[in-house]
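Q: One letter stands for each residue in the lines below.
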Amino acid sequence: MGEGAEPIIRFEAVDKFFGSFQVLKKISLEVALGERVVVCGPSGSGKSTLIRCINGLEQHEAGTLSVEGTKLGQDHASLNRVRSSVGMVFQQFNLFPHLTVIENLMLGPVRARKLPREEARDLAQRYLERVRIPEQADKYPRQLSGGQQQRVAIARSLCMEPRIMLFDEPTSALDPEMINEVLDVMTELAESGMTMICVTHEMGFARRVADKMVFMDHGEIVEEAGPETFFNTPKSRRCQDFLQKILQH
Amino acid sequence: MYRATICLLMLTLVSGCSDQWGWYVVDPTTKNGAVNLQFLLSGLYYTVLLSVTAISISVVVGLLIALPGLSSSRPMRVVSRTYVEVVRAVPILVLILWVYYGLPQLSGLTITVFWAGVIALALSDSAFEAEIFRAGIQSIAKGQYEAAHSISLSYADTMRFVILPQAIRRILPALGNQLVYMLKMSSLVSVIGMQELTRKANELVVSEYRPLEIYTILVLEYLVLILIVSAGVRWLERRMQSDERN
Numbered sequence: 006m007g008e009g010a011e012p013i014i015r016f017e018a019v020d021k022f023f024g025s026f027q028v029l030k031k032i033s034l035e036v037a038l039g040e041r042v043v044v045c046g047p048s049g050s051g052k053s054t055l056i057r058c059i060n061g062l063e064q065h066e067a068g069t070l071s072v073e074g075t076k077l078g079q080d081h082a083s084l085n086r087v088r089s090s091v092g093m094v095f096q097q098f099n100l101f102p103h104l105t106v107i108e109n110l111m112l113g114p115v116r117a118r119k120l121p122r123e124e125a126r127d128l129a130q131r132y133l134e135r136v137r138i139p140e141q142a143d144k145y146p147r148q149l150s151g152g153q154q155q156r157v158a159i160a161r162s163l164c165m166e167p168r169i170m171l172f173d174e175p176t177s178a179l180d181p182e183m184i185n186e187v188l189d190v191m192t193e194l195a196e197s198g199m200t201m202i203c204v205t206h207e208m209g210f211a212r213r214v215a216d217k218m219v220f221m222d223h224g225e226i227v228e229e230a231g232p233e234t235f236f237n238t239p240k241s242r243r244c245q246d247f248l249q250k251i252l253q254h
Numbered sequence: 121m122y123r124a125t126i127c128l129l130m131l132t133l134v135s136g137c138s139d140q141w142g143w144y145v146v147d148p149t150t151k152n153g154a155v156n157l158q159f160l161l162s163g164l165y166y167t168v169l170l171s172v173t174a175i176s177i178s179v180v181v182g183l184l185i186a187l188p189g190l191s192s193s194r195p196m197r198v199v200s201r202t203y204v205e206v207v208r209a210v211p212i213l214v215l216i217l218w219v220y221y222g223l224p225q226l227s228g229l230t231i232t233v234f235w236a237g238v239i240a241l242a243l244s245d246s247a248f249e250a251e252i253f254r255a256g257i258q259s260i261a262k263g264q265y266e267a268a269h270s271i272s273l274s275y276a277d278t279m280r281f282v283i284l285p286q287a288i289r290r291i292l293p294a295l296g297n298q299l300v301y302m303l304k305m306s307s308l309v310s311v312i313g314m315q316e317l318t319r320k321a322n323e324l325v326v327s328e329y330r331p332l333e334i335y336t337i338l339v340l341e342y343l344v345l346i347l348i349v350s351a352g353v354r355w356l357e358r359r360m361q362s363d364e365r366n
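Heads up: the sequence lines are chains A and B, in that order. The first sequence begins at 6 in our numbering and counts up one residue at a time. The second sequence begins at 121 in our numbering and counts up one residue at a time.
Wrong hints could be hidden among the right ones.
Restraint ranges, calculated between C-beta atoms of paired labels, are given here [as the list claims (entries may be wrong)]: (1) ARG168(A) x ARG197(B): 49 to 57 Å; (2) ARG168(A) x SER191(B): 44 to 52 Å; (3) HIS223(A) x SER192(B): 24 to 32 Å; (4) PRO121(A) x LEU213(B): 28 to 36 Å; (5) SER274(B) x PRO102(A): 46 to 54 Å; (6) PRO121(A) x PRO195(B): 37 to 45 Å; (7) ARG168(A) x ARG354(B): 43 to 51 Å.
None of these hints come from the bench; they were simulated from the model. Just so we're clear, the structure is a prediction, and the values are computed from it rather than from any experiment. Even glycine gets a Cβ: it sits at the ideal position worked out from N, Cα and C.
Let's have the full structure, built from the sequences with the hints guiding it.
A: Written out as structure tokens, the structure reads:
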């Protein structure tokens with residue numbers, strides 16, 4: 006986050022529509038290398054769409070969005086370059102149910118990164134250890150708990166050795182007792198210096214790891230601040246209301 | 121399998137108490153009966169070869185038709201849709217006659233009875249296979265594509281390693297159904313002289329004048345064949361399921 010460093014992700018006046026409904030309105034946001042950004046806001050505010058634009062799962066209609074200097078939405082080659090450096094973790098895990106854990110992890114490295122199988126297997130095993138489930142390598146996803154599945158999904162993304170990790174409500178589909186095991190893995194990842202953008206309502210996690218908080222409502226970024234300022238002295242009314250509701254319990 | 125045995129048993133019983141039946145034509149203990157029986161069974165080879173060849177081709181063609189049908193490009197979808205609608209509208213018997221008698225005139229190539237049968241059956245079946253594949257592929261959750269996208273898989277790899285293996289497990293019963301259907305429809309190829317089960321039976325009826333017994337044997341031949349196929353498909357289903365569970 007050095008001063009004057011070129012941002013790794015840059016949104017400039019980005020608009021996005023679903024039909025006639027505008028999901029993103031003139032979004033401008035910069036994320037520096039190694040920065041941890043937490044995005045929150047009420048449902049339907051466009052947070053997921055925002056991060057899905059970063060790895061090309063959604064295409065924006067106006068404005069410019071560049072990742073590591075590559076502008077998105079121009080051609081196939083640029084999309085491929087960008088998505089190979091961006092990992093993503095989904096709310097519903099989206100593991101491949103017909104493949105074992107280790108096969109889930111090896112597929113990307115073998116097919117997309119063209120690593121030899123043995124090397125890919127070692128890599129996969131290493132990341133399974135990092136998310137603390139090396140013993141589940143030969144099981145199928147359905148044999149694991151939700152928390153374990155999400156950790157496998159994180160490991161699967163990491164096997165692509167991305168420089169940016171996106172998390173789309175990674176703990177929202179989990180039973181409460183499993184949330185922490187996933188947040189612990191994410192915290193460790195944050196401490197390792199990974200550039201991360203997380204859409205989450207886990208405010209404790211946000212306070213712990215975020216360098217920057219972003220609050221969205223109705224497709225706009227309403228507030229953008231460091232966690233101290235964001236939690237203690239939010240400026241906008243909408244953000245105050247939201248924080249009040251979410252921090253109540 | 122036990123159903124086939126029961127049918128056979130019942131028929132033997134019936135034959136004992138009626139003078140309508142003359143099982144001697146296919147009685148394996150007599151010389152003539154044994155020869156006739158062997159003649160009837162010799163059609164099995166072409167019935168199986170024809171059906172298996174045709175369905176192998178139609179599965180591949182069906183998939184190649186289904187994929188553009190799922191694309192985001194409208195012209196691709198129109199091509200796929202048109203193929204399915206047109207091919208599906210032609211009766212198989214008509215298609216067999218058209219391919220055997222019409223196509224050589226159009227293309228200048230001579231087509232053997234076997235290949236005419238394969239082409240007609242495969243063509244007709246490919247439209248149905250395409251619909252089965254479309255349904256199977258559409259049943260896979262969007263998240264699977266998104267996960268594949270996020271680990272940088274190409275479209276071909278996404279289909280090959282992520283989508284199709286899951287889709288095929290789901291459509292296996294429907295594919296098994298089509299194989300059974302093809303085995304039965306292969307009997308229509310007898311009209312252009314293909315030496316398969318039905319043709320053999322027809323020929324024997326002409327020389328022996330015992331349609332009741334001969335066609336009963338024919339019914340049993342198809343029954344046994346199809347029960348074997350059903351058992352095979354069920355075995356495959358079980359095996360693929362245990363693959364995921366174990």
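Q: Does each hint hold? Answer for all of them.
A: Results of checking the hints against the structure:
1. ARG168(A) x ARG197(B): 49 to 57 Å: Because 37 Å falls outside the window, the suggested range is violated.
2. ARG168(A) x SER191(B): 44 to 52 Å: Distance hint for ARG168(A), SER191(B) is violated at roughly 32 Å.
3. HIS223(A) x SER192(B): 24 to 32 Å: holds (29 Å)
4. PRO121(A) x LEU213(B): 28 to 36 Å: The hint (28 to 36 Å, Cβ to Cβ) is violated, given that PRO121(A) and LEU213(B) are roughly 54 Å apart.
5. SER274(B) x PRO102(A): 46 to 54 Å: At roughly 21 Å between Cβ atoms, PRO102(A) and SER274(B) fall outside 46 to 54 Å, so the hint is violated.
6. PRO121(A) x PRO195(B): 37 to 45 Å: holds (40 Å)
7. ARG168(A) x ARG354(B): 43 to 51 Å: holds (49 Å)
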